[in-house]
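Please model the complete structure; the sequences and the hints are all you need to start from.
Chains as they are written, first to last, in our numbering: chain A, 3 to 331; chain B, 659 to 929.
Just so you know, these hints were derived from the structure itself, not from any lab. These figures come from a predicted structure and were not determined experimentally. Among the hints, erroneous ones may be present.
To be verified - Which chain B residues face chain A? A few, computed with CB under 8 Å, are given here:
{"id": "1", "residue": "Tyr765"}
{"id": "2", "residue": "Pro769"}
{"id": "3", "residue": "Tyr770"}
{"id": "4", "residue": "Glu833"}
{"id": "5", "residue": "Leu917"}
{"id": "6", "residue": "Glu919"}
{"id": "7", "residue": "Val920"}
All residues carry an ideal CB built from backbone N, CA and C; glycine is no exception.
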Amino acid sequence: MYNYLEYGGSDQPNVPEHDQEKYEQFMARIEAGEKIEPDDWMPEDYRQGLIKLISMHGISEIMGALPEKEWTPKAPTMKRKLGIMAKVQDEMGHGQLLLRVAEDLMKPYGKNRENIMEDLLSGDLKFHNVFHMPTKTWADAGMVGWLVDGAAIISQTNMLDASYGPYQRALQRICQEEVFHAQHGEAIIMALAEGTEYQREILQESLNRWWPALLMFFGPSSADTTGTSKQDTMIKYRIRKSSNEELRQAFLDKYLPRVFSLGLTVPDETVHYDEEQEKWVYEQPDWNEFKQIIKNKGPRSKERLRLREVAYENNRWVREALSPEAIGQ
Amino acid sequence: MTKVTSAQEAMNDDVYLKALTDLLYQLADDDFLISFRGSEWLGLAPHIEEDVAFSSITQNTMGHALMYYRLLEDLSEGEADALAHERDPSSRRNAVYFEKKNGEGEYLTEPYYDWALAVVRNFLYESFKKVKLEALTKSSYTPLANIAGKVLMEQPYHLSHWKIWFKQLNNSTDEAKTKLQSRLEEAWQQFGDVLELGEYATELEHFDIISGEDDLKERFIQEVESTVKDIRDISFGKAFGSGREGDHTPDLDQALNTLAEVYRSDEKAVW
Ligand SMILES: [Fe+2]
Ligand SMILES: [Fe+2]
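Structure below.
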């Protein structure tokens, strides 16, 4: 999923002169639709951009499991308990898959997964804005599956042809599973929408709360909004195809009609489709708040990170017991 | 012993029905509580690969609980979800050790869960479950024998997963060994009712619904012996009574309040 505004920096590739030829060959390859493999030559900003993108994507899958996990033991039926457990397991699996891809890219720097986890806990590595938000009712478990995964499908399918082979292949598998996630979420939402007054109430309340975070999901339209944006670099390097705003429009196109047909509303009276401009017009979310959220100053940032930290510290003795030195002793 | 091939037939004999029903609650509640505790671990396992594997075992286990609740549904005990979510603590038949919390803290805040407890409990649980399932494949109640046969197919994977963990940690650092050993000692103090069959133990054996307690215990010891050498010297205590007869701890209340929170929030709702 996952946008790029944290990365900053200029758009000019930082290529030493003697590598200019390699750089041109590299660009020719990706422009011809070829895939780059881990041992191939690649420009430094390509590698670093990918490391940031993929480790953020991977860690967001893992942090993204936490909001739903809050409702997993509480899911209201056996079937829902099984469904949400399977879904959370998939997300952890996505995290695993992606962190392996990131680890490969990090090898030249002598870094590994341990460093990724430490960067997360120190705040150097960001995770996606939606996963800083609280969950309050069972409806949130449905909302995450339906609209957060729905948004993820839109941004991930946009990268299905990414120029970096290992990432592109991981995304193929992830996107297949995401389809089931969206169905799982939609089934929870349908049951609530067709349910009792209480169920419809928690559903609408949940959507109201998630709406700004869903708009923020795709990141700001341009660098003007938050100062930096790397979306153009990622498009140039053929990682993604569309801009943040194009993705957001695709999301609104797909989901707003469904939202309305369920009798739900969004907390934005101005939202409408402009026939002339052929796009959805909506009230901008508070992008300053967005900046705060991804700096780990969101409503649940501290608690979610704390959960990871406790798990990490608490299992230190297990990691030590599994280390090669311990097993060989 | 003649076979009982359907719920209808089982319901013809009152004593048979009572004994069978009680055993099915034991089976269902054991699997349900173990898988509930597993679901609390989600996202907190020592590494991501383990999280994925543990979760898949937990889902299988909860699936098994559901199969047993459905057998109870067939015996007119009520709807599976109601049986899982509505029954009060005193009617639960899981062994007390399986309701025990995963460690200090709660899954939502400061979960200081203990991986040594997870490894010891799940290893013992899967060992015991294997023995019980093998006995159940010969059950006079054929719907149960059929399910036991199916569940048994997943058992080698579950058991070996936890056995490997146990052996690895037990052959590693002193800290790991100490942690495992102290969790083992704790287990033995509470394990007595795991190996019991409850109020209808005699009838269950008499009707060949499952083999007797002594036989199950001996087979359990044989199963675990290769991993836990001194198991023959152990006496199994019942520090918190017998869950098979409705004794339970506050840990079960915490489990039920959590797992039924949404279910109870609107009694008319279909979820
Ligand atoms: Fe995912
Ligand atoms: Fe997903």
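TODO: If any of the earlier hints don't hold here, list their numbers in rising order.
DONE: none
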